[in-house]
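Based on the sequences and whatever the hints tell you, model everything.
As given, the protein sequences belong to chains G and H, one line each in that order.
For any residue, its number in our numbering is found by taking its place in the first sequence, counting from 1, and adding 9.
For any residue, its number in our numbering is found by taking its place in the second sequence, counting from 1, and adding 4.
It is possible that some hints are incorrect.
Only part of the chain G face toward chain H is listed, based on derived beta-carbon distances under 7 Å [as the list claims (entries may be wrong)]:
| no. | residue |
| --- | --- |
| 1 | F157 |
| 2 | T176 |
| 3 | W284 |
If you anchor each label on the Cβ, the simulated ranges turn out as follows [to be verified]:
| no. | chain 1 | residue 1 | chain 2 | residue 2 | range |
| --- | --- | --- | --- | --- | --- |
| 4 | H | Q118 | G | L46 | 34 to 44 Å |
| 5 | G | A143 | H | K417 | 20 to 30 Å |
| 6 | H | A300 | G | S141 | 24 to 34 Å |
| 7 | H | A300 | G | L147 | 19 to 29 Å |
Rough simulated footprint, nothing fancy, chain H against chain G, three-plus residues with beta-carbon under 8 Å [what the hints assert, rightly or not]:
| no. | region |
| --- | --- |
| 8 | 59-72 |
| 9 | 88-94 |
| 10 | 256-266 |
Worth flagging that the hints you see were computed from the coordinates, not collected in a lab.
For every residue, glycine included, the Cβ atom is placed at its ideal position computed from N, Cα and C.
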Amino acid sequence: MTLAASAKQISPPRAPTLRRAWQKVSPYTYIAPFFTLFAAFGLFPLIYTAFVSLYRVELQTPGDMEWRGLGNYTALLSDEFFWTSLRNTFTIGVLSTVPQLVMALGLAHLLNYRLRGRTFLRTAMLLPYATSVAAATLVFAQLFGRDFGLVNYCLGLVGVGPVDWQTGTVASQIAVSSIVIWRWTGYNALIYLAGMQSIPSELYEAAEMDGASRWRQFFHVTLPGLRPTIVFTVIVSTIGATQLFGEPLLYEGSMSGGISHQYQTLGLYMYEQGWGFFHLGRAAAIAWLMFLLILVLVGVNALIARRRSHKEAGR
Amino acid sequence: MPIARAARRATVRLGAVVLAGTLLAACGGPSDEASDGAGGKVTVTVDLFGSFGYKEAGLYAEYEKLNPGVTIKQTDTEDEADYWKSLQTRLAGGGGLADVQGIEVGRIASVTQQQADRFEDLRKYGADELKSQFAEAKWAAATASNGAVLGLGTDVGPEAMCYRSDLLRQAGLPTDRGELATKWSTWDGYLELGKKYKEKAPAKSAWIDSVGSLYSIMIGQEKERYYDASGKLIWETNPALKTAWDTSVEAARSGLSAKLDQWSPQWNQAFAAGSFATIPCPAWMLGYIKGQAGDAGKGKWDIAALPGGAGNWGGSYLAVPKAAKNKKEAYELVKWLTAPEQQAKLFQKQGNFPSSTGAIDQVADATDPYFNGAPIGRIFGEAAKAAPVQVLGIHDQNVAQQITNALSEVERKGTAPDKAWSNARKGVANTIG
Chain G
10 MTLAASAKQI
20 SPPRAPTLRR
30 AWQKVSPYTY
40 IAPFFTLFAA
50 FGLFPLIYTA
60 FVSLYRVELQ
70 TPGDMEWRGL
80 GNYTALLSDE
90 FFWTSLRNTF
100 TIGVLSTVPQ
110 LVMALGLAHL
120 LNYRLRGRTF
130 LRTAMLLPYA
140 TSVAAATLVF
150 AQLFGRDFGL
160 VNYCLGLVGV
170 GPVDWQTGTV
180 ASQIAVSSIV
190 IWRWTGYNAL
200 IYLAGMQSIP
210 SELYEAAEMD
220 GASRWRQFFH
230 VTLPGLRPTI
240 VFTVIVSTIG
250 ATQLFGEPLL
260 YEGSMSGGIS
270 HQYQTLGLYM
280 YEQGWGFFHL
290 GRAAAIAWLM
300 FLLILVLVGV
310 NALIARRRSH
320 KEAGR
Chain H
5 MPIARAARRA
15 TVRLGAVVLA
25 GTLLAACGGP
35 SDEASDGAGG
45 KVTVTVDLFG
55 SFGYKEAGLY
65 AEYEKLNPGV
75 TIKQTDTEDE
85 ADYWKSLQTR
95 LAGGGGLADV
105 QGIEVGRIAS
115 VTQQQADRFE
125 DLRKYGADEL
135 KSQFAEAKWA
145 AATASNGAVL
155 GLGTDVGPEA
165 MCYRSDLLRQ
175 AGLPTDRGEL
185 ATKWSTWDGY
195 LELGKKYKEK
205 APAKSAWIDS
215 VGSLYSIMIG
225 QEKERYYDAS
235 GKLIWETNPA
245 LKTAWDTSVE
255 AARSGLSAKL
265 DQWSPQWNQA
275 FAAGSFATIP
285 CPAWMLGYIK
295 GQAGDAGKGK
305 WDIAALPGGA
315 GNWGGSYLAV
325 PKAAKNKKEA
335 YELVKWLTAP
345 EQQAKLFQKQ
355 GNFPSSTGAI
365 DQVADATDPY
375 FNGAPIGRIF
385 GEAAKAAPVQ
395 VLGIHDQNVA
405 QQITNALSEV
415 ERKGTAPDKA
425 WSNARKGVAN
435 TIG
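So this is what it looks like as structure tokens:
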């Protein structure tokens, strides 16, 4: 920049028009790299996926494309496995997101106190997030083993019979959710912590003078102050839950999400169709339905958040 | 070491830019020469699944010694389904393929019928002359309709029954292979014996590992399984398949199974823990048992003839993709690895049963001390001779997977067999559709 500026000063006659033109163009050139990359790796795949979803395409014979129109989509709507995976995505999403965010909130609240070794504790919180999905899932799969797993061993000590953490619908979904919870709680806690620290301490002092207990402070000062942060984490977790893939895939290494599809998520079903059965067209249709689903979910989230803040403002 | 030292000197003298140049040149050198062939250095890459056992049997080392300048690099995926999926992705993209790719017999129909243009016709390199070495059916299955030879046979999977004689003894059952073979000459006899075992079995020990493996070994005894000779899907109405299904369901309902999914980590752990007394074993399973049960299992295992006659489960081919870098060298390696001498050696060390007729004669007297000195050459040789020549189809593997999944539901969740059967039908429709 400084170089360019000084160069222009040296040649004054041509400068005004050129400079004006540059001023107009320059913002676009600055953002161009991002948008070029986005067009190549974001927009193009998105549109191409939509194109592929209208055909019958098999990975083994990619040359033969057969026009199906919306056939792939209508087939999905009457596909039992699609609805199962949609339902699983939802239940696993709730099973993992709700406890995760509640626990994160509690942990953030605790970490907000003056504790000994606070920095260490805060760093430790982030460690699960830094491990790879694959490594974490493989360890959890061992812990949840039916015959030789640690979880069943501990349950056995308190007299609860061995649970088949792979076969049961509820049991397997809890097991998969626990991996998600373990990995993301600390991450969300840190985000909440940052949000809490931006709440002015005068509010707490005032509340304390009014005789509010810790609990009341938490509910009436912390929570309202955190609302934007909570909305953000809910949206991000919802998107994450909709796309959940690695954990259920690696839990038993089965693309079908267990022998009866009991924990197959939408992402996994898409993968099974595309890379297990090689039906690329159908997989592309699932991808687009997922995309639309996420748009709707995020829209609903935003709508609720806005309605609430309107109410708040009106009060 | 010398390379590192030279590199350091270069850095000191000429700086980083020049170093980068020399390194690039050094990398480029060998592969440039490789295309000239003789005298050059070449790295042949081999990509396999499961346990082919070449490395373990020392065959690569031997080949490298015989062919100075050739280095063999192997990558291996344990689960064939994962391997196949990644191979298909790379075939579609045309990149990242190894010089030699393994192909399971359940997939060979897909290769000859759908992807004949993606693999080298090995006749180009003179594979024709090898035809007489191989069992006829093995050779025919890898030949495309235009006569192209797309792969050379490695092993076949003649079936037998492996058992833990120590566990059978504890339950008061006979442990002699001959006696067992007569007692379980039929599958009903096998289940009967299983029920007796269950009465007196040591704690936490079942008769068989999973009903999925029982089904797989039984369907291996049939000529027609999922397709008929005209290429039509017939599995739903195939009486032989129904028999295998019903027997498996009965085993599940009688509580004879340890309920372990094959190839799962739990299944692997169970070999050493003694969770099951018998396991249907195609020849290639011997190496797997040795690997999982370890030295502690030596002498405890034994092998007897299979109930209900001979069968075949699995076996493989080695193929050279069109997109491979060193096709000529790859073919030479494949030819050597599948030659009778090497197949015989592999069987003696790893248990993979030869598909080469010459090798079958060579190993007729082989025994295996790990399996209590069982005459594996005779047991598997007889099974290989008597096994039916199976009709192969494009979706064999996928259909089989759906059926074993449904059987697992019966076994592990107590799903009603009719419901599980209809689940299998839906699953197959979803897979093929």
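Checked hints:
Because the beta carbon of F157(G) sits about 5 Å from the nearest beta carbon in chain H, less than 7 Å, this interface hint is met. Hint status for T176(G) relative to chain H: holds, with the closest Cβ pair at about 5 Å, below 7 Å. The beta carbon of W284(G) comes within 5 Å of a beta carbon in chain H, closer than 7 Å, and the hint placing it at the interface holds. Q118(H) and L46(G) have their C-beta atoms about 36 Å apart, which keeps the hinted 34 to 44 Å range intact.
For A143(G) paired with K417(H), a C-beta distance near 28 Å keeps the hint of 20 to 30 Å intact. At roughly 33 Å, the beta-carbon separation of A300(H) and S141(G) lies within the given 24 to 34 Å, and the hint holds. Restraint check, A300(H) to L147(G): a C-beta distance of roughly 25 Å satisfies the suggested window 19 to 29 Å. Look at the region 59-72 of chain G against chain H: 4 of its residues bring a Cβ nearer than 8 Å to a Cβ of that chain, three or more, so the hint holds.
Figure legend: the region 88-94 of chain G, annotated as covered by chain H; annotation consistent (3 residues with Cβ-Cβ distances under 8 Å, at least 3 required). Check result for the region 256-266 of chain G against chain H: holds, 4 residues qualifying (beta carbon to beta carbon below 8 Å, three or more required).
Checked against the numbered hints given earlier, the structure satisfies every one of them.
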